[in-house]
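68 is the number of the first residue of the sequence shown in my numbering; add one for each residue after it.
Hints were generated in silico from the structure; no laboratory data involved.
Mixed in with the good hints, there may be bad ones.
Unchecked claim - Derived lysine-lysine pairs resembling DSBU-like cross-links, with alpha carbons at most 30 Å apart:
hint	residue 1	residue 2
1	Lys285	Lys236
2	Lys236	Lys194
3	Lys160	Lys285
4	Lys160	Lys194
5	Lys236	Lys160
6	Lys285	Lys194
In this text the structure is predicted, and so the values were computed from the model without any measurement.
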Amino acid sequence: MTTHLLAAARPSRPTLATYLVLVVLGSAACSTAEPSPGSPTPTSRAPGSISAAPTPSPIPSPTPAPTPRFTNQPDPQLEALIPATIVGARVQKPTPDEFGVTPGDIGLQFGDIGLRFDSLVVAFVEKPRLSLFAMRVSGGPVDTSALRPYLAAAGQYVGINGLHPEAWKAAVVSGRRVWRRGDDPATLPGTTLYCWSSGQYVFLLTGSSDAANRVMVKALPGQPVPTPTPRPSVRPSATSSATATGSSPGSPTPSPS
68 MTTHLLAAAR PSRPTLATYL VLVVLGSAAC STAEPSPGSP TPTSRAPGSI SAAPTPSPIP
128 SPTPAPTPRF TNQPDPQLEA LIPATIVGAR VQKPTPDEFG VTPGDIGLQF GDIGLRFDSL
188 VVAFVEKPRL SLFAMRVSGG PVDTSALRPY LAAAGQYVGI NGLHPEAWKA AVVSGRRVWR
248 RGDDPATLPG TTLYCWSSGQ YVFLLTGSSD AANRVMVKAL PGQPVPTPTP RPSVRPSATS
308 SATATGSSPG SPTPSPS
């Protein structure tokens, strides 16, 4: 009897073979299973390969700042703007090698704007006494209002003692916007100074005759006074017109009695 119980507990050969087949199939299925969505896909790398480092972006080089020019070259175009005579007197225009002033010298009085002075033309009149400094500016145009911080130093450069920025007043001469100085304690009686820009040029003028100075300002280019924008005209409506005359719209005009 014992022999029969042990034989019943032992699995038959076909059952054991079926179990082994299922184990093999289950192992194969696990080894070929696709990765679930969202799982990282392993990257293959060739043996001995090195990952390339990111290329650094180039650093832009700063724009060099302008430097003062201490050499003076002829500027025929600028010189031609200056009239040959004013109020019957001859205007002297010495060549650059006849005077020792350079754009950098006078440019030191005009701050950052003076660093952009490229050329300088000097002119003068002996009688009435008048001196003119005309400078060409490189780069963008210069507005006359931008000269305001440098006027006191500019006045001292042409012989006015002391720094008095309050002595300069905005004015209009022949339709041009200018800065004017005169009739102050630091300025000689009768002497007036003018400083203005045309955008491409900056002018500094001093003289003993204000009439001659104004003629010179008129002869040179400048920036015009901005034209005010006209306000739109309001046309009265029919209702307001009728109300003003005391009649309702469509009512006949009263005839004079």
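Going down the list of hints, with the structure as the test:
1. Lys285 x Lys236: Holds: Lys285 and Lys236 sit about 18 Å apart, inside 30 Å.
2. Lys236 x Lys194: holds (26 Å)
3. Lys160 x Lys285: Given pair Lys160, Lys285 holds - Cα atoms ~18 Å apart, limit 30 Å.
4. Lys160 x Lys194: Holds, at roughly 15 Å.
5. Lys236 x Lys160: holds (29 Å)
6. Lys285 x Lys194: holds (19 Å)
Violated hints are absent here; each numbered hint is respected by the structure.
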